[in-house]
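Visitor: For this one, chain A is given, so just place chain B on it according to the hints.
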Amino acid sequence: MAVTNPKFEASEALLAAYAVPSGAAWATEARAKAAAHLRAIGAPNKRDEYWKYTNPTALTEVPTPSAALFASDEAPMFDAIDRVKVVFVDGVLDTAQSDDLSLEGVEIETLTEATSKDIHWAKDLFGVLEANGQNPVDRPMAALNTAVATEGLVIHVKAETTKPLALRYIHTSENSDAMVHHVIKVEEGAKFTLLESGPGAARFNSVLEVDVADNAEFHHVRTQGRDHERKTATHMYGRLGAESIYRSFTMTVNGMLTRNESVLEFTGDDAQATVSGASAGDGKDFHHDDTVFVTHDSVDCESRQVFKKVLRNGATGVFQGKILVQPDAQKTDGYQISQGLLLDDDSNFLAKPELEIYADDVACSHGSTVGAIDEDAMFYLTSRGVPKAQAQDMLILAFLGEAIDEIDNSDLADEIHDRLAAWMERRRA
Amino acid sequence: MLEIKNLQVGLEEEDKQILKGVDLKIGEGEVHAIMGPNGSGKSTTSYVLSGKDGYEVTDGSAELYGEDLLEMEPEERAAAGLFLAFQYPVEIPGVGNMTFLRTAVNAQRKARGEEELSAGEFLKVVREKAKALKIDADMLKRPVNVGFSGGEKKRNEILQMAMLEPKMCVLDETDSGLDVDAMKLVAEGVNALRDGKRSFLVITHYQRLLDHIKPDVVHIMANGKIVKSGGPELALEVENNGYADILAEVA
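For the record, the sequence lines run as chains A and B. For the first sequence, counting from 1, position 83 maps to 83 in the numbering used here; every step adds exactly one. For the second sequence, counting from 1, position 137 maps to 137 in the numbering used here; every step adds exactly one.
Okay, chain A solo, but in the shape it has when bound (with noise of 0.2 Å):
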């Protein structure tokens, strides 16, 4: 019988354009969970309820479509810090351009070396945060990850780490098309910082899996390139242990669709976890859409999500966040805030806060808010000499400062801080 539900011949038609990856039984089995998940369940539609803001048909498309290529005259991110350069090009490592995978107190594997060892501390992880994150919304993008991905790195850390692992996803084929799979475990009491950058591909499809360990810390800064017809779809899963602390930020400037997905799951008591992130983007062909899914199940825990977009001449931004604090989690502190700065009347910013509560013990607090330049503010700048266009900046950097004030290292938040600067810059009138 011929299938005609298109969620389904989408996924059908996604699964059947990428090989199965070979490698040990456990990869295997969780990849071919993976596949079966996104077979129950179909591709994203428009008409599904968690995409009602972002039409996914150009995530879910085959053939991928394509994207011109971007030539920036800037220095690449993360450039000039103290890190290990490790470089994908369209979605493949490159060992040439990389450093050694080598920092001290942490083991780095490629996905194709861990997933070949029939025993690796990988078989708890991959494929399992992605899962545990279909329950209880459907994240078929992952699932497409989980099944094909031979891209990507095992990441090991033991102890605090000296320096960043940075990786760079560089864009080189107008038709290329990524499934990266990242798996990071950070043990009791260690310290890791990674930090992303670049468009990855045409067409980017990332997961990061990450399990923080008790008294552990995860930090995580990504930016993600300014191909202006770059597609990506990411998925970040943290689990937190008791007493950890987990960060991310991400800055997304340009792109024709970009959907970053954050699900973190509190498992360990005292934990804090902070997702943020700051993005700016210009023309009707821009459409960006966070989606946040936190959960607390653990008593005294604190999570943070803190999203600004700045939005010209007809662009889009999205923000769907939940907090979901069940019956045990007492005491929980839960912030969410997500502001969309308008700078014409063509521009959207779509927002769907949600607090789902089963605890009695808790201080949660969510705002949403959608406006224009303060024109107050702007007289009293430029009365006091500042040139309009300089004034508009200063407030739009302002305004967007208050995500990148949850980067908690003071030199990657000066880098964010001024390509944002850049970006206005180059747009003044």
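It is possible that part of the hints are untrue.
Claimed, not checked - Straight-line distance between alpha carbons at most 27 Å, and here's what the computed DSSO-like set of lysine-lysine pairs gives:
hint : chain 1 : residue 1 : chain 2 : residue 2
1    : B       : Lys184    : B       : Lys131
2    : B       : Lys153    : A       : Lys388
3    : A       : Lys117    : A       : Lys191
4    : B       : Lys131    : A       : Lys388
5    : A       : Lys388    : B       : Lys184
6    : B       : Lys197    : B       : Lys214
7    : B       : Lys214    : A       : Lys388
Derived from the structure by calculation, the hints contain no laboratory data. The model shown is predicted, which means the values in this text are computed figures rather than measured ones.
Guide: Leaving out everything else, chain B in the frame of chain A:
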């Protein structure tokens, strides 16, 4: 100097005339005060001079040293030497006070074709001037006016004025919300800027500010016009008798 002739101004959004022919001439180095009952058009005069949106000039002119202010953008008026000390200074979260001041000073210097101040030079000057106004380093680091008390906000206005070195300073009810000590401090800051060339227009409800900033000329504004001008004694007359007698006299 500032010369305002027959200035007539209405609101853009509604059919309401606020200024009905203001004439005012302030010479180099002079201090003029405008007093008047609520709603007489005092603050509107200051906003129209500095270029705030929402007003429509229907007739008249305003020139600063021969330059037509009304044709300029607010930042051009600032670069031409006009400064407005706000009645209600605006809070701007996320913009550091120091960054703001330096950007403003350098933008004006650039607009006038002067060289920009280096970070070091700027810091030296701003620290010196801030000290005289009892503005501490912490206030300079904080976002513009955010969490400042009423007195701190007004002192911050005077600091900006001192840094920008304008030719013409308009002070819109700078005394409102200030206690006696704070008012003295602000007045001292203003007086320190009097150099025989710089001119001032002080808008106030109360005579007491004029005890500290001594005006050369006092104007009474009512119903969108200047109805009477005189020496400092005019302010005392208002203080003692209110506006009723003066308004009855000119009616």
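Visitor: Give a verdict on every hint.
Guide: Evaluation of the provided hints:
| no. | hint | verdict |
| --- | --- | --- |
| 1 | B/Lys184 / B/Lys131 | holds (15 Å) |
| 2 | B/Lys153 / A/Lys388 | holds (23 Å) |
| 3 | A/Lys117 / A/Lys191 | holds (26 Å) |
| 4 | B/Lys131 / A/Lys388 | violated (30 Å) |
| 5 | A/Lys388 / B/Lys184 | violated (34 Å) |
| 6 | B/Lys197 / B/Lys214 | holds (15 Å) |
| 7 | B/Lys214 / A/Lys388 | violated (35 Å) |
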